[in-house]
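Letter by letter, the chains look like this.
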Amino acid sequence: MKKNEEKILKYLSGLMNEGEKIQFEKELTNSSELKNDFDNINQKLGELLEVKDAAVSETYFTNLTPRVREKLKRSDRKSWYAKLYYIVPVTAAVLVTIMFWPKEEITFSDHTAQLTDEIVNNLDNEQIADKVFSEVYNTEELLVDTKDENIFSISLPDEVAITNNKLFSEIDIAYFDYSVLDEISDEEINSIYKKINK
Amino acid sequence: MNIVGIMNSNNDFELVEKFLAGDELAFNALVKKYQKKIYWHARQMLGSHLDADEVTQEVLIVMYNKLKTFNYQSALYTWIYKIVSTRSLNQIKRNKIKKLLSFDSADEKELKSSNDIIEDIANKEKIEKVHKALDKLPVKQRQIFIMRNFDELSYDEISEITGKSVGGLKANYFHALRKVMGYVNEKE
Chain A
1 MKKNEEKILK
11 YLSGLMNEGE
21 KIQFEKELTN
31 SSELKNDFDN
41 INQKLGELLE
51 VKDAAVSETY
61 FTNLTPRVRE
71 KLKRSDRKSW
81 YAKLYYIVPV
91 TAAVLVTIMF
101 WPKEEITFSD
111 HTAQLTDEIV
121 NNLDNEQIAD
131 KVFSEVYNTE
141 ELLVDTKDEN
151 IFSISLPDEV
161 AITNNKLFSE
171 IDIAYFDYSV
181 LDEISDEEIN
191 SIYKKINK
Chain B
199 MNIVGIMNSN
209 NDFELVEKFL
219 AGDELAFNAL
229 VKKYQKKIYW
239 HARQMLGSHL
249 DADEVTQEVL
259 IVMYNKLKTF
269 NYQSALYTWI
279 YKIVSTRSLN
289 QIKRNKIKKL
299 LSFDSADEKE
309 LKSSNDIIED
319 IANKEKIEKV
329 HKALDKLPVK
339 QRQIFIMRNF
349 DELSYDEISE
359 ITGKSVGGLK
369 ANYFHALRKV
379 MGYVNEKE
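Going down the list, the protein sequences come from chains A and B.
With this note's numbering applied, the first sequence covers 1 to 198.
With this note's numbering applied, the second sequence covers 199 to 386.
Careful, some of the hints might be misleading.
[To be verified] 20 Å max Cα-Cα, derived EDC-like pairs, lysine to aspartate or glutamate: (1) LYS235/B - ASP39/A; (2) LYS324/B - ASP349/B; (3) LYS385/B - ASP39/A; (4) LYS334/B - GLU50/A; (5) LYS230/B - GLU70/A; (6) LYS327/B - GLU50/A; (7) LYS73/A - GLU256/B; (8) LYS235/B - GLU384/B; (9) LYS52/A - ASP221/B.
[What the hints assert, rightly or not] Residues from chain B that keep clear of chain A, each with C-beta distances beyond 12 Å, as calculated: (10) ALA227; (11) VAL257; (12) ILE342.
Quick caveat, the hints were computed from the structure, so don't treat them as lab data.
Since the structure is predicted, the reported quantities are computational estimates derived from the model, not experimental observations.
Note that the Cβ used here is the ideal one computed from N, Cα and C, for glycine as well.
With the rest of the complex left out, here is chain B (with noise of 0.2 Å):
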């Protein structure tokens, strides 16, 4: 870890305790600081809004209700990714079955496509085109793939958060790569 991420882990241990003695802001304060960094990452593992919504909603209820249990072994980042990516490892699971049993209705499909955050039409249709290439991959690797580009995260802390070997986590990121290159250059 960096300068920057020993000292922004020593005020998210500050902001922990504070909260854990009863200052709700504080709580507010690691929303704040974080709440961007679940929705994406949900967003890119899940590709729609409102599960991303859903599961950002999940995860600060999660942070609210087991703070207390965060023992200050690892950065508070890692244990908020744990509980990101585990919740939406499950959401997608929760969305096969959906999917397998036909709830997910021609309507709410229409919903979470018309839902979004992102106004700018540029903006979606790259969203859009990323999804798509997120959407070729197995999910693992697509893990992996979001936290090496899009959360910029280090094969250590990857390794830290879903308790792969490094290695293991190389060769998944390296398929990944191959996998949304050969969909990029398949669309050109």
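For reference, chain A alone in the conformation it holds in the complex (with noise of 0.2 Å):
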């Protein structure tokens, strides 16, 4: 068997050439030992592979398509959820960034140049504004202390009557906090400074 079994398999194998393979043939209708030892090899390897016919429970194979439905539903759903999975941190991470972005610096100087040209294009009195506002309008210094710039204040001249503290308060908290004077609108804004010239 041994002698002829690499003859045999490389003939099921179609490993031989055309040639090799008629003179197997040939071979195999005149010796007897080979054709024994050909059956006996198809027959083994037809006993292993009876399996090919085996009954099965067909349950299972009637069952899986409704489980694969299923499986597809659920990983439609995991996408969604892995897609809110990526969509919450990057939106957080934005969000992070955008706040902790660090500001465009507004300097003092101009920011006091913006108010100032803001105070006297506002004032109703257009010979006071003139008058005493002429000389702010180039010398800032006028109107805010920037000794410390820690601490605001505003000096504004005599001429300009502030009779309400109140009202002067409002205008210095206004200063202090260069955020809180972003936020105040320009309706407010003006109604100050009308104020302040009255």
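With the hints as a guide, bring the two chains together.
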């Protein structure tokens, strides 16, 4: 058997060339020993491959499609959750970045000049505006004390009568906190400036 | 491909087209037609029902999601076999890693052997014998042996699925046959 096995397996594998194949088939009809070995190998292989037709539970295959469909539904849901898992941290990261992104520095002098400009433009009495603020327009220091960066105080000229201390403190607070100042609407600022000029 | 093969392929193409046009029943028909082939290929490659079941479901899901990429240049079954055979090889790798890291617990092994769709004891023994013989083969030889003997595919078809040359496949099959026969003779 051993002697012929190699040859038989080579034939079964299709490894023989056309000449070898014809020679082997001729030998197979003439040699009973080779024929026996050939049949023997085929029989053993056949026995091994019998499982091909093994009876199995059909319930498994009947239930396969619904199970796959269920899995598909779940994976669809999962992909939505997966998207959310990405969206939430990404959105949070973007928000944090925006919150902590260094804001453009507004220099003290820029701010003061802007405010001075607004005061001048909004004064009702043009005569006073000309008299009092023409100088202020160019020398902001007259209006705002900048000696100490941490303390903002308003030093309005005497010509502008401010009788209402409450209003004055309102302005002072507005100066004190740039963010508050930024948040005050144009209408509110105009109203304050008009009151100063009364 | 023979006439029956061509007819089947044409029918497959029709079903694919219907499915892609939104007919879910066409997909069911494809599943019904190929589920056993998929299962048995995976089962012979992996040796356990649970692994085969996992791979079968994976393959059907891939089919559902990727049929739109099928280009009609080959028969649908060769396209499906490519998926099954890749998934089975991946599952073997996964199992090896599990075994190496001892993740495959005794309970899981017991579950794998007890959970089966083959109810007949005689058939179970036969299947066991085949698996032991196939287990002796390197995975590539096992793959070819299964495709040749159980899936009854030609060398040309196997070549198309695996991307290997026909000559290389024949040599591999020869070695697989020799090892299997060695195992069978040893058991006698």
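Review point. Should the label of VAL257/B as a non-interface residue stand, given a Cβ cut-off of 12 Å to chain A?
Key: The claim breaks: VAL257/B does not keep its Cβ more than 12 Å from every Cβ of chain A (closest is about 9 Å).
Point to revise | Distance restraint between LYS235/B and ASP39/A, which requires alpha-carbon spacing of 20 Å or less | key: Answer violated: LYS235/B to ASP39/A is near 28 Å, above 20 Å.
Check your understanding: Are the Cα positions of LYS327/B and GLU50/A separated by 20 Å at most?
Key -> holds, 11 Å
Review point. Does LYS334/B pair with GLU50/A here, judged by a C-alpha cut-off of 20 Å?
Key: holds, 19 Å
Practice item. Below or equal to 20 Å on CA atoms is what counts here, so check LYS52/A against ASP221/B. Key: violated, 32 Å
Review point. Within a Cα-Cα threshold of 20 Å, do LYS235/B and GLU384/B meet the stated pairing?
Key: Measuring from Cα to Cα gives roughly 30 Å; hence the hint is violated.
Point to revise | Given hint GLU70/A paired with LYS230/B - CA-CA distance at most 20 Å | key: holds, 16 Å
Practice item. Given the hint that LYS73/A pairs with GLU256/B, test it: the Cα-Cα distance must not exceed 20 Å. Key: holds, 14 Å
Check your understanding: Does LYS324/B pair with ASP349/B here, judged by a C-alpha cut-off of 20 Å?
Key -> holds, 17 Å
Check your understanding: Are all beta-carbon distances from ALA227/B to chain A longer than 12 Å?
Key -> violated, 10 Å
Point to revise | Straight-line alpha-carbon gap LYS385/B to ASP39/A, limit 20 Å | key: Holds, because 18 Å separates the two Cα atoms, which is no more than 20 Å.
Check your understanding: Taking C-beta pairs only, is ILE342/B more than 12 Å away from all of chain A?
Key -> violated, 10 Å
Violated hints, in rising order: 1, 8, 9, 10, 11 and 12; the structure is consistent with all others.
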